[in-house]
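Chains as they are written, first to last, in this note's numbering: chain L, 1 to 212; chain P, 1 to 212.
It should be emphasised that the hints constitute simulated quantities derived from the structure, not laboratory data.
Here the structure is a predicted model, which means the values were calculated and not measured.
Heads up, some of the hints might be wrong.
Which copy is meant is left open, because identical chains are indistinguishable; a pair holds if it fits in one copy or across any two.
Said to hold, decoys possible - With a straight-line cut-off of 30 Å between C-alpha atoms, the simulated DSS-like cross-links for lysine-lysine are:
#1 K8 x K141
#2 K141 x K3
#3 K8 x K144
#4 K144 x K126
#5 K116 x K126
#6 K144 x K116
#7 K141 x K116
#8 K3 x K126
#9 K141 x K126
Number of protein chains: 2
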Amino acid sequence: MLKTPRTKLRRVPQRGLHDRATLDALLDEALIGHVAFVTHDGHPAVIPTLIARDGDDLLIHGSSASRTVRALRAGAEACVEVTHVDGIVLARSAFHHSMNYRSAILYGTLQPAADKARALEVFTEKLVPGRWDHVRWPNAKELKATEVLSLPLTEGSAKVRTGPPGEEEEDYALDAWAGVIPITTRRGEPIPDPQLRSGIPVPDHVRSLTAR
Amino acid sequence: MLKTPRTKLRRVPQRGLHDRATLDALLDEALIGHVAFVTHDGHPAVIPTLIARDGDDLLIHGSSASRTVRALRAGAEACVEVTHVDGIVLARSAFHHSMNYRSAILYGTLQPAADKARALEVFTEKLVPGRWDHVRWPNAKELKATEVLSLPLTEGSAKVRTGPPGEEEEDYALDAWAGVIPITTRRGEPIPDPQLRSGIPVPDHVRSLTAR
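Okay, chain L solo, but in the shape it has when bound:
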């Protein structure tokens, strides 16, 4: 990843990482990215949206008619942020309470994806691996209604905090319990569509996702 003045981590720089393996894992685990841009009249905007990494690019998609898609397609610079919250860090002092997290921030300008149909396969497989071969593929009207935009993974950084609290030396003698409450995300039991035709069992590609 390209380091630039704005991706250099000034606050707690020892938590910073610029390697692609860390970044890729972090993006691949995330369903949602937070896409910020500056509106045509100079205001900040940020929206949550499904992300999918495709090799050296991060893909986002949306309705061709959406304001965000139109602004980004017109060349508005983007800042995309992804965060996983892994735990609450309880210190003996209020000041040193913290969170364990893994986050990434990317910068760049998005371009329409070269192969929109393939990109929609990437999104579907991101949501549910193995899904693409079980569903009706997008028709011409649906492809036209969807815009897919691509951000090259060239400028950005990741930041990770793990482990127990850091305290002032004298606070270790206090009576307060200290440690970490881990936070995890789980996929639960599949809920069938009330309109599901009878005789269609939960398929393996859905079952295996919910076992995670």
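The hints should help you fit chain P onto chain L, whose structure is shown.
Same frame as chain L, but now just chain P:
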């Protein structure tokens, strides 16, 4: 909540909500908000940060030296987004795959919080209800190192998707399984600090948080 042209939901407006009860519940459940602003030289920026609602204000905090805190304190307009992912929506068509979610977007300019010490109590209690009375409170040096900024909840909107997939009428006849895979966030068993003094059990305020 004040409706303005930019908080009017243009895409899928039936998912939009402007009532404070919905917004408050959504903010109170979230640990992290995504704070976007325009840098002094016109670039978009977005960072994840702990949020805590205090009545009619949303509080964020950070090091007094951080670039984000300084930009916001200097009057940069902010857009704050909060999102909960509640499920993956599996449709019979690739096009109608979706996510169930609850999100909010707020706009405004932040001000330094009137009572910084009280605000830090609000943050500590947000992370772990009941924690404040068990920890060492911030001293003068720590208070000085921390900036707390406050955003009035005056301009914004919430957007919620729930329930099964919506399909094209003819797709209900397809063989594909359809439905929702729910996603939940869980707090796990507390992990004691390796430097915890012996004889300090997990207190009730920690135990009750992890039962959620």
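Results of checking the hints against the structure:
{"no.": "1", "hint": "K8 x K141", "result": "between (44 Å within a copy, 27 Å between copies)"}
{"no.": "2", "hint": "K141 x K3", "result": "neither (41 Å within a copy, 33 Å between copies)"}
{"no.": "3", "hint": "K8 x K144", "result": "between (39 Å within a copy, 25 Å between copies)"}
{"no.": "4", "hint": "K144 x K126", "result": "within (21 Å within a copy, 45 Å between copies)"}
{"no.": "5", "hint": "K116 x K126", "result": "within (15 Å within a copy, 43 Å between copies)"}
{"no.": "6", "hint": "K144 x K116", "result": "within (9 Å within a copy, 52 Å between copies)"}
{"no.": "7", "hint": "K141 x K116", "result": "within (13 Å within a copy, 55 Å between copies)"}
{"no.": "8", "hint": "K3 x K126", "result": "within (28 Å within a copy, 35 Å between copies)"}
{"no.": "9", "hint": "K141 x K126", "result": "within (23 Å within a copy, 47 Å between copies)"}
Going through the hint list in order, the structure does not satisfy hint 2, though it satisfies all others.
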